[in-house]
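**Q** Sequence:
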Amino acid sequence: MKRGVSLYSYQQSQFFKESTLESQLEEVANNLDGATGIELIDEMSLQYPVPDPQFMKKWYGLIEQHNLTPVAMDVSMDVLQFRDHVMSYDECAERLRHDITLAKMLGFSNVRVLSIVPLEVLIKALPLAEALDIRLGKEVHQPMSLEGRYVSEIVEFAEKHNTEHLGIVPDFGIFGTRPSEAILDGFIRRGAAPESAEASVALSGMIKSGNAPFKMVDVENHTAGNVRSSFTRYINTGECIDDFKSAFAVIKELAEKYVKNPTDLDYSVVAEGIMLSNTSAKTLGELAKHVTHIHAKFNNMTEIPGKPGQYQDIAIDYENPIRELKKAGYTGYLNTEYEGQRYFQDRFKDSMMDEFEQVRRHQEMMKRLIG
1 MKRGVSLYSY QQSQFFKEST LESQLEEVAN NLDGATGIEL IDEMSLQYPV
51 PDPQFMKKWY GLIEQHNLTP VAMDVSMDVL QFRDHVMSYD ECAERLRHDI
101 TLAKMLGFSN VRVLSIVPLE VLIKALPLAE ALDIRLGKEV HQPMSLEGRY
151 VSEIVEFAEK HNTEHLGIVP DFGIFGTRPS EAILDGFIRR GAAPESAEAS
201 VALSGMIKSG NAPFKMVDVE NHTAGNVRSS FTRYINTGEC IDDFKSAFAV
251 IKELAEKYVK NPTDLDYSVV AEGIMLSNTS AKTLGELAKH VTHIHAKFNN
301 MTEIPGKPGQ YQDIAIDYEN PIRELKKAGY TGYLNTEYEG QRYFQDRFKD
351 SMMDEFEQVR RHQEMMKRLI G
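What the sequence shown shows, in full-length UniProt numbering, is residues 1 to 371, in sequence order.
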């Protein structure tokens, strides 16, 4: 296995003009003890959609100078970009073909699409991906699971058509064991009752132990954004789709058990406990050949008690998934993806998280676990 970094991890420092593409690549090359892979968001790091020759020359030079490997270009699908209509599947596929061509020009071997992109769109663009030897990877993001239909339909298609150019990008958030303390502390600063955070952790414990009084499979077929927005609607109106009814009823009951006169915010905090994929690390090993690369997601790295210089994310299981990948002979990239900075952005600038330090801590953990 190889280690890399998604430059998305440095989004905050780039926003404040404290880092650039050049300084981010230099950080990966010089301060991460052997990490070589680069993943980026097209609209964040490139002159998207058509980089000029000067940018291309600079890009090639930086990659060569730092001896780095372009691993994955992450693309979006803004289906409302024309404002007068929603993009059709054919239009989305044409945009994806453009992105595949651009990724090839930049030296990337993988293109990651969002978890909500329909398989039909990927299939339309697949012939070009195969011709250019680019692997298309669909992200598997919490609360989705590796055992769910969004993964099985890709695996089934790839095996039926004997193609290695369509696969999945597991986001390690799917191996979450509880809501991150960074998320919960942020809610409390906004006025949520501390008891709501306790209820959220308790709910996640029920799910991980298999004692949740509802079917997680119904939630795993939806994106995190859809689950959150649907729960807010449920609290305000009592209405939701059948997939969510039993889970939402339990969350509401649990919130009212832990918190006296819960607010809408308290309900939302408790609902974070349901955002677990409850997926199996063993399944990851079984699907290793279909993995284009991995988003090694984390939200907050803290020092392991009694082990100076060693770090962990207390809310995500890394040991078991990495162990299964090693057993399966996976040789691809695990790319650090830090998103926890957003949970500290309600604070003054000098109290926000240091992305560079957080990524360095995460890379220490990954190097130690990979061995």
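Simulated from the structure, these hints should not be mistaken for lab results.
Glycine is no exception: its CB is placed at the ideal position from the N, C-alpha and C atoms.
Treat the hints with care, as some may be off.
Distance ranges between label pairs, derived from CB positions [stated by the list, open to error]:
#1 K349 <-> S23: 17 to 23 angstroms
#2 E357 <-> T263: 19 to 25 angstroms
#3 D354 <-> D264: 30 to 36 angstroms
#4 F16 <-> D78: 43 to 49 angstroms
Listed next, the in silico DSSO-like pairs over lysine-lysine satisfying Cα-Cα at most 27 angstroms (straight line) [unchecked claim]:
#5 K289 <-> K326
#6 K104 <-> K2
#7 K58 <-> K124
**Q** Now tell me if each hint is right for this structure.
**A** Going through the hints against the structure:
Judged by the Cβ atoms, the range 17 to 23 angstroms given for K349 and S23 holds: they are separated by roughly 19 angstroms. Distance hint check: the CB atoms of E357 and T263 are about 34 angstroms apart, inconsistent with the given range 19 to 25 angstroms. Judged by the Cβ atoms, the range 30 to 36 angstroms given for D354 and D264 holds: they are separated by roughly 32 angstroms. For F16 and D78, the Cβ-Cβ distance of about 25 angstroms falls outside the hinted range of 43 to 49 angstroms, so the restraint is violated.
About 12 angstroms separates the Cα atoms of K289 and K326, which keeps this hinted pair within 27 angstroms; it holds. In summary, the hint linking K104 to K2 is supported, as the alpha carbons are separated by about 21 angstroms, within the 27 angstroms threshold. Note on K58 and K124: the hinted pairing is violated, with a Cα-Cα distance of about 32 angstroms set against a maximum of 27 angstroms.
When the structure is compared with the earlier hints, violations turn up for hints 2, 4, 7 and for no others.
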